[in-house]
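Peer 1: Protein chains in written order, with numbering that gives the first Met the number 0: chain W, 0 to 276; chain B, 0 to 104; chain G, 0 to 154.
Treat the hints with care, as some may be off.
Here are the simulated DMTMM-like pairs of lysine to aspartate or glutamate, each with C-alpha atoms no more than 25 Å apart in a straight line [to be verified]:
id, chain 1, residue 1, chain 2, residue 2
1, W, LYS223, G, ASP127
2, G, LYS143, W, ASP205
3, B, LYS104, W, GLU76
4, B, LYS15, W, GLU63
Worth flagging that the hints you see were computed from the coordinates, not collected in a lab.
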Amino acid sequence: MRKLLAKVAVIGIIGAVSGLAIADPETDKANFQNFFKDKFSSTEFQDFANGVYSIDPASRAQWEEIEEFPPYEIAIEEGERLYNTKFKNGKGYASCLENGGMEISHTYPRFDTKKAKVVTLAQEVNACRKANGEKPLKYKKGKMASILAYLAYSSRGKVFDIKIPNAAAEAAYEDGKKFYYARRGQLNMACAHCHVDNSGNRIRADLLSPSLGHTTHFPVYRSKWGGMGTLHRRFAGCNKQVRAKPFKAQSKEYRNLEYFLTYMSNGIEANGPGVRK
Amino acid sequence: MAKNSIKIKAKNKGEKTEVKALIKHNMETGLRKNKKTGEKIPPHFIQEVKCEHNGSVVFTANWGIAVSKNPYLSFKFTGGNKGDTITVSWVDNKGKTDSNSTKVK
Amino acid sequence: MTMKRRTFLKNTFATGVLGVAVGAGLLKPSDVLAAWPESAFAAKSLEDALSGLNAGSASDSGKIKIKAPDIAENGAVVPITVSTDMSGVEKISVLVEQNPQPLAASFDLTSKCDGFISTRIKMGKTSDVVAVVQAGGKSYKAKKTVKVTIGGCGG
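Work out the full structure: start from the sequences and follow the hints.
Peer 2: This is how it looks when you write it as structure tokens:
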């Protein structure tokens with residue numbers, strides 16, 4: 000394992016450094032997307048939304064079998080039921096969210112210019128609960144994941160077009176970008192080492208997915224979890240895997256990371272909720 | 000009873016009716032240990048799934064602990080028409096049951 | 000109701016009441032859907048599981064198609080499809096030789112059914128997946144090796 004990681008770390012330097020070059024977000028995105036388009040030249044742009052399944056026929060075949068009747072359908076149904084259940088005060092989520100919550104999942108995360116921070120749909124769900132006298136839901140799995148699955152499903156096929164409206168937003172974007180390229184943990188690796196430089200390579204039997212399209216299929220049913228999980232649940236898991244201390248779900252760090260990553264996948268159609276190993 | 004655990008898709012394709020079912024159930028093997036207490040989590044899995052076409056049993060699944068969590072099954076049969084009723088029911092080793100029906104599309 | 004049902008299942012298997020009725024021509028095999036095959040599921044070896052299914056003398060058959068991945072993405076959820084064109088299929092069973100209890104599932108088909116089943120199973124490690132088809136009083140089998148690996152990103 001150590002030899003494998005040493006190789007990965009050495010190869011990683013060049014790509015990681017070039018990603019940190021100062022440029023505006025649009026240029027960053029073009030460079031980011033072109034890198035993957037060149038590296039995986041036979042992959043159709045929209046197929047990047049399918050992660051490893053866009054680059055590995057053997058696992059794609061298994062994924063297609065599971066997509067015949069994917070386990071996340073249970074969560075979508077549960078999410079719809081939860082979403083349509085009124086609060087104790089008689090109001091519902093639809094009264095808080097834009098367009099009643101339908102077809103808006105792909106417009107998140109957003110930079111809230113008044114609050115000067117990145118806001119996620121999960122936070123909007125809990126803000127709605129709070130405003131109506133209900134306790135907040137936990138952010139990694141369970142009911143929140145089911146509600147997000149239902150909301151994500153209504154955005155399927157809609158193209159991501161995350162905006163960076165002002166300087167404060169760009170600062171949050173840069174913060175997320177820095178996180179992405181920074182080494183962390185005992186294994187001293189950055190997200191970019193695995194998902195940019197070593198995308199398409201293997202760590203033992205795991206094929207590393209390209210970062211382009213990473214965020215589009217969340218929340219996700221993972222066979223490993225035996226259930227649904229949110230993007231921030233996955234971030235925490237990845238950080239733990241390089242023996243780095245994970246941040247809390249919906250922490251500033253993870254929200255800014257989500258902002259950067261989702262922006263990098265602008266142009267890709269939302270395909271949540273998803274199923275992965 | 001709890002909200003329904005069974006989702007069914009029944010579609011006619013030419014002469015055949017294709018039935019797919021997805022069931023929400025932990026399918027606990029009894030081999031896992033509670034990480035905190037170290038005690039074995041008792042087995043809790045679906046043993047039998049009965050599938051009926053217009054009230055007659057057409058297919059039965061006998062399951063053990065090695066069927067995946069949130070289990071799936073699919074089968075095909077002849078003689079099904081659009082609008083016919085497909086019913087799927089299960090019984091687990093604790094005696095819990097659930098049942099759901101759908102119409103063939 | 001539930002206790003009675005479980006006792007009923009245990010007794011029918013143990014005393015072979017259904018077997019006697021079939022032999023006397025009272026019930027056609029296709030009308031009798033077997034109770035849960037307890038000894039087959041409890042068996043710890045492939046041979047014992049096959050015996051428990053009354054398929055101990057199953058012969059290899061090229062007419063059984065097993066669709067399963069060469070390398071399972073995740074051993075907890077392995078999609079398996081077994082199909083055959085044989086006529087009169089009564090039972091299709093799926094066994095994982097290296098699992099602590101090899102019998103994973105056994106499906107009882109009526110005469111209306113195609114010889115086709117699809118499900119998702121758990122595999123503890125690399126193993127042969129054995130499909131058994133029982134038709135017209137005879138048993139047939141086929142197998143496919145499915146590799147189960149340890150993931151690299153911490154599993």
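Peer 1: Hints first: check each against the structure and report whether it holds.
Peer 2: Status of the hints after comparison with the structure:
Distance hint between W/LYS223 and G/ASP127 is fulfilled; the C-alpha atoms sit about 22 Å from each other, no more than 25 Å. Proposed proximity of G/LYS143 and W/ASP205 is supported: the alpha carbons are some 22 Å apart, at most 25 Å. For the hint linking B/LYS104 to W/GLU76, the alpha-carbon distance of about 20 Å falls within 25 Å, and the restraint holds. Distance check on the hinted pair: B/LYS15 and W/GLU63 sit about 22 Å apart at the alpha-carbon level, within 25 Å; holds.
No hint from the list above goes unmet by this structure.
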